[in-house]
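Could you build the full structure based on these sequences and the hints that come with them?
Number of protein chains: 2
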Amino acid sequence: MLRDRSKRRSLDPVAGNEFLHRRSFLRGGLAAAVTGYSVVKTAAAEPLTDDPWSLVPGAVTRPYEQRSRFEDQVARTLSNPKGEARVQNARTPLHLLNGTITPNGQHFVVAQSGAPDIDPERHRLLIHGLVKKPLIFTLDALARYPMVSRMSFIECGGNSAPLFSPQPIQANVQGLHGLVSCSEWTGVLLSTLLDETGVDRQAKWLIAEGADAPTLTRSVPLSKGLDDAMIALYQNGERLMPANGYPMRLLLPGWEGNMNIKWLRRIKLTDAPGMTFPESKTYAQILPNGKAYQFYFVEEVKSFITQPSPGTKMSGLGQYEISGIAYSGDGRIARVMVSADGGKTWAPARLQQPVMSKAFTRFSMPWRWDGRPAVLQSRAWDDAGNAQPTRAEFVAQRGELKTIPPLAAFPNQHFNGITSWAIDEKGEVKHVYA
Amino acid sequence: MLRDRSKRRSLDPVAGNEFLHRRSFLRGGLAAAVTGYSVVKTAAAEPLTDDPWSLVPGAVTRPYEQRSRFEDQVARTLSNPKGEARVQNARTPLHLLNGTITPNGQHFVVAQSGAPDIDPERHRLLIHGLVKKPLIFTLDALARYPMVSRMSFIECGGNSAPLFSPQPIQANVQGLHGLVSCSEWTGVLLSTLLDETGVDRQAKWLIAEGADAPTLTRSVPLSKGLDDAMIALYQNGERLMPANGYPMRLLLPGWEGNMNIKWLRRIKLTDAPGMTFPESKTYAQILPNGKAYQFYFVEEVKSFITQPSPGTKMSGLGQYEISGIAYSGDGRIARVMVSADGGKTWAPARLQQPVMSKAFTRFSMPWRWDGRPAVLQSRAWDDAGNAQPTRAEFVAQRGELKTIPPLAAFPNQHFNGITSWAIDEKGEVKHVYA
Numbered sequence: 091m092l093r094d095r096s097k098r099r100s101l102d103p104v105a106g107n108e109f110l111h112r113r114s115f116l117r118g119g120l121a122a123a124v125t126g127y128s129v130v131k132t133a134a135a136e137p138l139t140d141d142p143w144s145l146v147p148g149a150v151t152r153p154y155e156q157r158s159r160f161e162d163q164v165a166r167t168l169s170n171p172k173g174e175a176r177v178q179n180a181r182t183p184l185h186l187l188n189g190t191i192t193p194n195g196q197h198f199v200v201a202q203s204g205a206p207d208i209d210p211e212r213h214r215l216l217i218h219g220l221v222k223k224p225l226i227f228t229l230d231a232l233a234r235y236p237m238v239s240r241m242s243f244i245e246c247g248g249n250s251a252p253l254f255s256p257q258p259i260q261a262n263v264q265g266l267h268g269l270v271s272c273s274e275w276t277g278v279l280l281s282t283l284l285d286e287t288g289v290d291r292q293a294k295w296l297i298a299e300g301a302d303a304p305t306l307t308r309s310v311p312l313s314k315g316l317d318d319a320m321i322a323l324y325q326n327g328e329r330l331m332p333a334n335g336y337p338m339r340l341l342l343p344g345w346e347g348n349m350n351i352k353w354l355r356r357i358k359l360t361d362a363p364g365m366t367f368p369e370s371k372t373y374a375q376i377l378p379n380g381k382a383y384q385f386y387f388v389e390e391v392k393s394f395i396t397q398p399s400p401g402t403k404m405s406g407l408g409q410y411e412i413s414g415i416a417y418s419g420d421g422r423i424a425r426v427m428v429s430a431d432g433g434k435t436w437a438p439a440r441l442q443q444p445v446m447s448k449a450f451t452r453f454s455m456p457w458r459w460d461g462r463p464a465v466l467q468s469r470a471w472d473d474a475g476n477a478q479p480t481r482a483e484f485v486a487q488r489g490e491l492k493t494i495p496p497l498a499a500f501p502n503q504h505f506n507g508i509t510s511w512a513i514d515e516k517g518e519v520k521h522v523y524a
Numbered sequence: 091m092l093r094d095r096s097k098r099r100s101l102d103p104v105a106g107n108e109f110l111h112r113r114s115f116l117r118g119g120l121a122a123a124v125t126g127y128s129v130v131k132t133a134a135a136e137p138l139t140d141d142p143w144s145l146v147p148g149a150v151t152r153p154y155e156q157r158s159r160f161e162d163q164v165a166r167t168l169s170n171p172k173g174e175a176r177v178q179n180a181r182t183p184l185h186l187l188n189g190t191i192t193p194n195g196q197h198f199v200v201a202q203s204g205a206p207d208i209d210p211e212r213h214r215l216l217i218h219g220l221v222k223k224p225l226i227f228t229l230d231a232l233a234r235y236p237m238v239s240r241m242s243f244i245e246c247g248g249n250s251a252p253l254f255s256p257q258p259i260q261a262n263v264q265g266l267h268g269l270v271s272c273s274e275w276t277g278v279l280l281s282t283l284l285d286e287t288g289v290d291r292q293a294k295w296l297i298a299e300g301a302d303a304p305t306l307t308r309s310v311p312l313s314k315g316l317d318d319a320m321i322a323l324y325q326n327g328e329r330l331m332p333a334n335g336y337p338m339r340l341l342l343p344g345w346e347g348n349m350n351i352k353w354l355r356r357i358k359l360t361d362a363p364g365m366t367f368p369e370s371k372t373y374a375q376i377l378p379n380g381k382a383y384q385f386y387f388v389e390e391v392k393s394f395i396t397q398p399s400p401g402t403k404m405s406g407l408g409q410y411e412i413s414g415i416a417y418s419g420d421g422r423i424a425r426v427m428v429s430a431d432g433g434k435t436w437a438p439a440r441l442q443q444p445v446m447s448k449a450f451t452r453f454s455m456p457w458r459w460d461g462r463p464a465v466l467q468s469r470a471w472d473d474a475g476n477a478q479p480t481r482a483e484f485v486a487q488r489g490e491l492k493t494i495p496p497l498a499a500f501p502n503q504h505f506n507g508i509t510s511w512a513i514d515e516k517g518e519v520k521h522v523y524a
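Taken in order, these protein sequences are the chains called A and B.
Each number in my numbering comes from the position in the first sequence (counting from 1) with 90 added on.
Each number in my numbering comes from the position in the second sequence (counting from 1) with 90 added on.
No lab work stands behind these hints, which were simulated from the structure alone.
The model shown is predicted, which means the values in this text are computed figures rather than measured ones.
Ideal Cβ placement from N, Cα and C applies to all residues, glycine included.
Honestly, I wouldn't trust all of these hints.
Stated by the list, open to error - Quick look at which bits of chain B chain A covers, simulated, 3 or more residues with Cβ under 8 Å:
no., segment
1, 182-194
2, 212-224
3, 234-240
4, 294-303
5, 406-414
6, 449-459
7, 467-481
To be verified - Some, not all, of what chain A presents toward chain B, calculated at C-beta under 7 Å:
no., residue
8, Gly148
9, Glu155
10, Gly189
11, Asp230
12, Thr276
13, Ala482
Okay, structure coming up:
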């Protein structure tokens, strides 16, 4: 029943700064390192006692389960908690979550005017414009069509924008990268509905419109609409959350967050883009070469380390697991390398299987912290051949701000460079440029 | 940009009673059938008007998102809502969910005495008995070990027990099959921790104990503990829900629900099983041949149709998608066949990819309801070669009750036979034996 331990190899570092072979934990590597801590005790002399909660009946099960009161601090941070008349951001606490799915309560939100209170019985989806037969769909009608499910991340085009700052902004992974989340989305492929309406030969774009008060509107090439675009009705098994588009949103796997129109009420096929406010202004950056960076859609290959990261504590010397998230709007993650010496040496991280296209992939790597300063980095490649750039490479191409604005006020978009966390001798973790 | 429609084949049934080729929706099959309904309208003459929710600012985003008020009726049904001194069951509304993940608020629960209110800072996991070095782990200590994620269903051994009744009980899929759910679980493999403690050669079993007031205790062969058993810390990305074991539970992928000990506080390695109450009484059925059916662990291959199912409405004649869930504690789902004529003819369903071992697999099949009575069935096979039995085959081996007890009072276990839904001429869906 037990495995033969005699064949284990010795515990060799595989790169600089104390990376370990991925199976090193299974060779007794951690026992020596960790059992010296007060957090793990040898138990021989411990009497077995009941904790107070084991002595009384527990809480009655409710129709819809709620979290433990001890988890209240695991929450999204809000940019506009009073709902003043400007955008509301809610950032996902990626450093406190694990796995690859973002629970529905923690999915990031960017909303121009909060979440409309939509009655699903009365909501309609209209598809019209350059179609052969315009149609209106109710939720009941959509329920009769073939549904598909897929894991997909959604990322705000402005996620990670603080890294355009000329100096590293001291924030945690939630503040820097918290505008990305990943869910299992289920719904009807848009191509299925366009087969119902028919498509005119002149149609080249579709314009999608939400039912929120600002009527957020974006233009999408029809080719994406006929590829993997989905009318998403379920998020991780249940109906969408109100701030994520209840009762239906457009899902454009791997494409800029706000094109995934929430509270979707209308799709109009056209021969040209609508030049709506977001695509004429918000997402039309002027590059260093003077050209406008307009109609770039894909959230490109990216990764960052979530544990350890600023705000998580190093609980002493010894072995840890470095863990993080990688994703690409161009396909599957092919490889993630991690460095503990600011990019001098690299080692390949383990990728949690199955690796799915345009979805979060969790990577991990055992690491022994010897108390010396370290700089942790991760770098991802996707199966379309794209590599995550260094920050220096990225800002050389796409520009860098000259001043440090407040955290929520970065005008630039689509940052996907490498993130660096420095660990000092006290075990404090800080955001640095390296 | 548009695909060539000229190559489409005609819309041929692939089995009796109006099953359709899986791509038939993409050949214009539904347009004719559905656009006659009031739920889908041609839109040419419709003026575009704003709904009331589009005219006012929406709700302010909160730190932890809550569901729409229109979803309150999508909820678990409770067997003991007042928390009287007996077991509490909460059944998952599988007919109202979709995809493969059960959201954390809707995961089924069986709790002997509710959910203990555990302080995660004070909770400890002890591993002792036939080990070389007994150890106590805190949550912080476990956070430093390598973590893995996996999709896994958990199913109560008593799920589907109403089908032991000699007459089909009129309940919906939630009442009949709602004690099974599927999540992404993340945590530390038990084998990793047993490498830390070491294992004595005499050890053959482990006894796992929960911190709830009844101290639920189950015996598990050590081979499972060294295979894929996990100390689960996260459920769909966030910490476990209180009634699902917060802050940690034992996950035994594919094995009988209550062996997956919640609120796990102790694992003792032994040379023999503990013969605890659940394994001596609850899960030790007397078979028709007079022998006790003890220490059967695996939740065997099973499937059932969730849409349509009792309580969902048929909204008129024409095309529908039959959709359901299949899973096996022995591995991956290899195949699901569906029948609309009570098992006379069968057609292969589409399996949603990726198909993962010991996890929910969503299957689907387009079907045209012509208004005649129909009996819908699904039958699953796993990649270990097991086939889901008919109900008649199953009860011949495992027994059938002589009387019809109340829904929650079936003493027998591990039913995995075929479920049949009859649709009458009015479109009403009922549970039948066929």
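- Message: Checking each numbered hint in turn, tell me which of them this model violates, lowest number first.
- Response: Numbers 7, 13 - these are the hints that the structure violates, sorted from lowest upward.
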